[in-house]
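Chemist: Here's the letter readout for the chains.
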Amino acid sequence: MIDWIAGVGRSTLSQVSDLGRASLMLMQAIFGRSNVGVYGRLTVDQIYAVGVLSLSIIIVSGLFIGMVLGLQGYTILTDYGSEQALGQMVALSLTRELGPVVTALLFAGRAGSALTAEIGLMKATEQLASLEMIGVDPLRRVVAPRFWAGVISLPILSLIFVSVGCLGGALVGVSWLGVDSGSFWANMQASVDFFDDVFNGMIKSVVFAIVVTWIAVYQGYDLVPTSEGIARATTKTVVYASLAVLGLDFFLTAVMFGEI
Amino acid sequence: MTASAFVEIEDVGFRRDRRVIYDGLNATVPRGKITAIVGPSGTGKTTLLRLIGGQLKPESGDVRVDGVSVQSLKRAELFQLRKRMGMLFQSGALFAELSVFENVAFPLRVHTDLDDELIRLIVLMKLEAVGLRGAVDLVPSELSGGMQRRVALARAIALDPEMIMYDEPFAGQDPIGLGVLLSLVKQLNQALGLTSLVVSHDLQETLSIADHVIMIANNRVAFEGSPAVMQSSNDPLVQQFLHGSPDGPVRFHFPAPALEDALS
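So the sequence lines, in the order shown, correspond to chains A and B. Letter by letter, the first sequence follows residues 16 to 275 in our numbering. Letter by letter, the second sequence follows residues 2 to 265 in our numbering.
Heads up, a few of these hints could be off.
A short, non-exhaustive set of chain A residues, derived as facing chain B with CB atoms under 10 Å [unchecked claim]:
1) GLN43
2) LEU136
3) MET137
4) THR140
5) GLU141
6) GLN142
7) ALA144
8) LEU146
9) MET148
10) ILE149
11) GLY150
12) VAL151
13) ARG156
Away from chain A, derived, C-beta distances all over 10 Å, residues of chain B [said to hold, decoys possible]:
14) ASP138
15) GLY180
16) SER234
17) SER265
Derived from the structure by calculation, the hints contain no laboratory data. Just so it is clear, CB atoms sit at the ideal spot from N, CA and C, and this is done for glycine as well.
Full structure from sequences and hints, please.
Modeler: Below is the structure:
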């Protein structure tokens with residue numbers, strides 16, 4: 016029993032210590048004096064790496080999820096004779112929930128794992144240590160541009176996901192199942208509120224972006240610099256980021272839409 | 002600080018987890034000389050370089066570089082101090098996505114306002130010094146391990162540092178590569194007036210160019226002095242190391258319970 020309590024204590028201390036180090040790392044990376052021109056250019060490079068290169072998976076996933084929503088929504092709404100509300104259902108599901116959440120999960124798998132592996136490999140091959148010895152802070156040179164790139168890219172990817180999803184829903188609902196085009200788009204336009212739905216969805220996306228990218232860069236920066244360490248850290252990034260997104264989604268949904 | 006000392010290590014204690022690496026380590030690195038740091042594997046030779054570079058902090062004691070206590074520096078001050086040091090890592094640690102030219106130009110681009118033409122001239126001169134001007138457009142993955150280390154050396158001297166630290170520069174080198182690197186270390190030291198610190202297991206080769214030797218064993222400095230004095234030392238520990246004897250004061254086995262106890 017004592018051993019079990021001691022184990023829980025050690026684990027708790029380790030988690031708190033991890034959180035403290037991750038917070039310190041983030042503070043040192045994003046606050047402080049820096050060359051805006053150089054770091055701006057590095058951030059743009061990283062937006063290409065984590066954002067632009069994630070476009071294909073986001074567009075394809077958005078299209079299929081929109082199509083599935085169209086199909087499922089039509090089946091259910093037809094039972095109540097309300098198939099003209101399909102546009103509303105597809106748009107609200109995507110803007111409030113599926114857009115931010117699924118984009119963040121895909122981003123954690125595609126870009127988060129890549130960020131962890133890249134930074135981890137730089138650590139394992141002593142490139143980070145080499146930067147330090149050249150007198151360049153790797154937190155500002157390597158971590159900060161990747162962090163900002165993630166924070167900027169994910170909300171934009173989420174918007175693209177939602178837009179493509181709506182088109183997917185329209186493709187199935189209007190083009191294939193015969194829902195009236197006018198009522199589909201008009202219902203969508205009438206029911207989706209910019210502040211309540213789109214803006215809140217974007218807030219979710221920004222929060223997910225911060226958390227997912229933070230976890231990814233921290234796991235890469237703090238890993239044990241071996242091949243096994245890189246593999247472990249990459250897995251941790253996907254697992255921790257996914258769980259964090261789902262947990263935070265409930266919390267944010269409760270605050271934004273649950274009238275808590 | 003003594004007038005000729007560039008680095009002073011005073012009563013330094015350091016441990017990794019529960020394993021003691023140093024217990025009251027004292028050593029001096031003379032200015033403008035080549036100092037060899039030798040000792041059995043796992044005694045913390047690379048750790049000493051990292052303490053001097055401020056990448057690690059000692060638990061106790063003081064590490065001073067040119068009179069400045071490294072562990073007391075703030076992060077920004079530490080990065081300023083490191084501009085005066087160069088370090089050659091065992092793996093070379095070149096930036097994989099940059100060409101040879103850009104690797105050597107990197108410190109110049111981030112720390113100076115020199116125009117591109119001047120940077121090009123300096124980079125070509127540094128690469129010429131290490132014999133790799135012809136590899137200027139290659140990327141690190143196209144170079145052998147020895148060539149990568151020479152490019153890393155060119156990068157380490159790009160800012161004309163006052164001190165350069167070499168971590169196992171001769172490991173895995175063929176005789177030609179080893180000879181080239183040995184003469185490079187010697188020539189750079191003489192031509193640029195550098196203070197050089199060389200961690201190496203290639204004892205005879207390293208001692209042939211060193212002016213000063215620090216031997217680390219059993220958590221402290223076991224010998225410090227000139228190579229000639231080391232060669233003639235009667236200290237059993239030094240003798241064991243110089244002659245590669247398995248028996249002697251330096252433990253070959255990692256600390257462990259008695260074999261009989263482990264097997265029973």
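Chemist: Give a verdict on every hint.
Modeler: Comparing the hints with the structure gives:
At about 7 Å, the closest approach between the beta carbon of GLN43 of chain A and any beta carbon in chain B falls short of 10 Å, and the interface hint on this residue holds. The criterion of a C-beta within 10 Å of any C-beta in chain B is met by LEU136 of chain A, whose closest approach is roughly 8 Å, and the hint holds. Taking 10 Å as the C-beta cut-off, the interface hint given for MET137 of chain A holds, the closest approach to chain B being about 8 Å. Given the 10 Å rule on beta carbons, the hint for THR140 of chain A holds: about 6 Å separates it from the nearest Cβ of chain B.
Annotation: interface hint on GLU141 of chain A holds; nearest CB of chain B at approximately 4 Å, less than 10 Å. Nearest Cβ of chain B to the Cβ of GLN142 of chain A: about 5 Å, under the 10 Å cut. The hint holds. Annotation: interface hint on ALA144 of chain A holds; nearest CB of chain B at approximately 6 Å, less than 10 Å. The interface hint given for LEU146 of chain A is met, as the beta carbon of that residue sits about 8 Å from the closest beta carbon of chain B, less than 10 Å.
Restraint check, MET148 of chain A versus chain B: the minimum CB separation of about 4 Å is within 10 Å; hint holds. The closest approach between the C-beta of ILE149 of chain A and any C-beta of chain B is roughly 5 Å, which is under the 10 Å cut-off, so the hint is satisfied. Annotation: interface hint on GLY150 of chain A holds; nearest CB of chain B at approximately 4 Å, less than 10 Å. For the restraint placing VAL151 of chain A at the interface with chain B, the shortest Cβ-Cβ distance is roughly 6 Å, inside the 10 Å limit, so the hint holds.
The interface hint given for ARG156 of chain A holds, since its Cβ lies 8 Å from the closest Cβ of chain B, which is under the 10 Å cut-off. Against the 10 Å criterion, ASP138 of chain B stays outside the reach of chain A, whose nearest CB is about 20 Å from its own CB. Its beta-carbon lying about 25 Å from the closest one in chain A, GLY180 of chain B satisfies the requirement of being farther than 10 Å from that chain. Its beta-carbon lying about 33 Å from the closest one in chain A, SER234 of chain B satisfies the requirement of being farther than 10 Å from that chain.
Every beta carbon of chain A lies more than 10 Å from that of SER265 of chain B, the smallest distance being close to 25 Å; the non-interface claim holds.
Consistency with the previously given hints is maintained throughout, with no hint failing.
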